[in-house]
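Asks: Assemble the complex: chain R is given as a structure, and chains E and B must be docked to it using the hints.
Quick mapping for you: the protein sequence lines, in order, are chains R, E and B.
Residue numbers for the first sequence follow the numbering used here, beginning at 1 and rising by one.
Residue numbers for the second sequence follow the numbering used here, beginning at 79 and rising by one.
Residue numbers for the third sequence follow the numbering used here, beginning at 193 and rising by one.
Since the hints were made in silico from the structure, they are not lab data.
A few of these clues could be false.
Said to hold, decoys possible - To list a few chain R residues with every Cβ distance to chain B over 12 Å, as calculated:
1) G10
2) A13
3) L14
4) A17
5) T22
6) R23
7) Q27
8) T31
9) V46
Claimed, not checked - Under the rule of at most 20 Å between Cα atoms (straight-line distance), these lysine to aspartate or glutamate pairs were calculated in the EDC-like manner:
10) R/K73 x E/E186
11) R/K73 x B/E361
12) R/K73 x R/D24
13) E/K177 x B/E428
For glycine and all other residues, C-beta sits at the position ideal for the given N, C-alpha and C.
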Amino acid sequence: MMLVIVLALGLVALTGAVVVLTRDPAQQAVTLSVFGLTLTILFVTVQAPDVALSQLAIGTAVVPLMIMLTIRKVGGRR
Amino acid sequence: MSVLPYLVAGWLFLLGCYGMVTSRNLVHTVACLTVTQSATYVLLLTVGFRAGASAPVFGDVPVGTRVVDPVVQALTLTDIVVSATVTAVLLALTIQIHKRHGTVNPDELRALRN
Amino acid sequence: MSRRARVVLFALVAPVFSVLFVLAARGLPSFGSDFHPYGDRAVTVATVQRASANVVSSVNFDQRAVDTLGEEFILFGSVIGTVVLLRPSPEEREIGHPEEGRVLPTTRLAGYLLLPVSVLVGCYVIAHGQLSPGGGFQGGVVLATGWHLLYVAGRYAALRRAVPQTVLEVIESLAVAAFVALGVAGLGLGGGFLANMLPTGSLGALLSGGTVPVINAAIGVAVAAAVVLLLAAFLEQTIILRRADHQDPP
Chain R
1 MMLVIVLALG LVALTGAVVV LTRDPAQQAV TLSVFGLTLT ILFVTVQAPD VALSQLAIGT
61 AVVPLMIMLT IRKVGGRR
Chain E
79 MSVLPYLVAG WLFLLGCYGM VTSRNLVHTV ACLTVTQSAT YVLLLTVGFR AGASAPVFGD
139 VPVGTRVVDP VVQALTLTDI VVSATVTAVL LALTIQIHKR HGTVNPDELR ALRN
Chain B
193 MSRRARVVLF ALVAPVFSVL FVLAARGLPS FGSDFHPYGD RAVTVATVQR ASANVVSSVN
253 FDQRAVDTLG EEFILFGSVI GTVVLLRPSP EEREIGHPEE GRVLPTTRLA GYLLLPVSVL
313 VGCYVIAHGQ LSPGGGFQGG VVLATGWHLL YVAGRYAALR RAVPQTVLEV IESLAVAAFV
373 ALGVAGLGLG GGFLANMLPT GSLGALLSGG TVPVINAAIG VAVAAAVVLL LAAFLEQTII
433 LRRADHQDPP
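Next up, chain R with everything else stripped away, as it sits in the complex (with noise of 0.2 Å):
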């Protein structure tokens, strides 16, 4: 039990270097989008199902189609 919240746990720091290494807007919107899912499986197991639910609703569909939507707008990486 405790390896698997080891793994999440590395999963999700290194998913975060990856969004923050990422530069380029469009990309970033897909990498923050595995973020969000990455987060859900470690809340999935340290047992909180209700706040894995809502990180997989907001999280992974409404703020990544929010920055696609931004940046169809501003013109992407400038």
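Replies: Coordinates of chains E and B only, in the frame set by chain R:
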């Protein structure tokens, strides 16, 4: 092991701050802010964890089983919704900045003010 | 602050923060410890006194309902802010025929089939907030994303015509007002603001927990309307509006 999750939260926080400081695009800054905010979720939930306990929902387990702390989960739920709304307002601001100044590079925006 | 100054400041502060944070983390109870006094009391109140099986929902909508009211107003205010910030400026006009990409028939069919499933799942998650993981917020967001399947499967103009923006704004305002009215009703019936005054059923029944299911429903509707409004503001800017002299980005 007993402090590893808290260190991961601190790592995420510093990572997000680093991304915001060295960003060249305001949309990238907003995404790094999301990473910073997720550090608080990790910290709250791991503080509330109890080894060997189950989720705080008693639909199918008898009342009295050991469960993890539900109060920090309620706090984190609120946190997630608030961070989504803050992201929305910041992205709307970014669109407006682009309309008025034609750029979303924070360094170029600073030059415009002088 | 110039970029160089920012980076230098960060390079100075980050190590100090790291050291202080590690020291503070070592002072916290170790991961997985058994010492959660507030949590134990919350569980006892929720399951024994208020008959609400999902303790997180009970904490959110019953024991700490004032915080949820504040959060609801944060959501409300941010929707107002976003809609105002993204309102069409004078030099933008609607393009006559918003270009629609060709939608594959299979995508259209999948969207139309998934829409009632998503709406049903959203309503289920809202209604069972006091029994299983879920509740107003999660179900509301599921409802809103299900609604946007219409956009993926069809035309955005049809989506806009189906439910105009003013209707959504009225729905959201009414739902938030219903939450406040429930709180005032608690005052009127002799308890405190947002006191749980409806009869609590038995643990595990659908109508248990007193005011929790009612507040769940109000929050679910308010959050769904709010998220649809937020996304509609962004979609309007991206899909519908064009500046009079704007060239499309390649």
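Asks: Next, verify each hint and record whether it holds.
Replies: Against the structure, the hints come out as follows:
1. G10: Check passes; 15 Å lies beyond 12 Å.
2. A13: About 14 Å separates R/A13 from the closest Cβ of chain B, which puts it past 12 Å; holds.
3. L14: Non-interface label on R/L14 holds, nearest chain B Cβ at 19 Å vs cutoff 12 Å.
4. A17: For R/A17, whose nearest Cβ neighbour in chain B is about 15 Å away, the distance exceeds 12 Å, so it holds.
5. T22: Given that every Cβ of chain B is farther than 12 Å from that of R/T22, nearest at about 19 Å, it holds.
6. R23: 14 Å, holds
7. Q27: 17 Å, holds
8. T31: 20 Å, holds
9. V46: About 10 Å separates R/V46 from the closest Cβ of chain B, which leaves it inside 12 Å; violated.
10. R/K73 x E/E186: 19 Å, holds
11. R/K73 x B/E361: 24 Å, violated
12. R/K73 x R/D24: 15 Å, holds
13. E/K177 x B/E428: Holds: E/K177 and B/E428 sit about 15 Å apart, inside 20 Å.
Hint compliance for this structure: hints 9, 11 are not met, and every other hint is.
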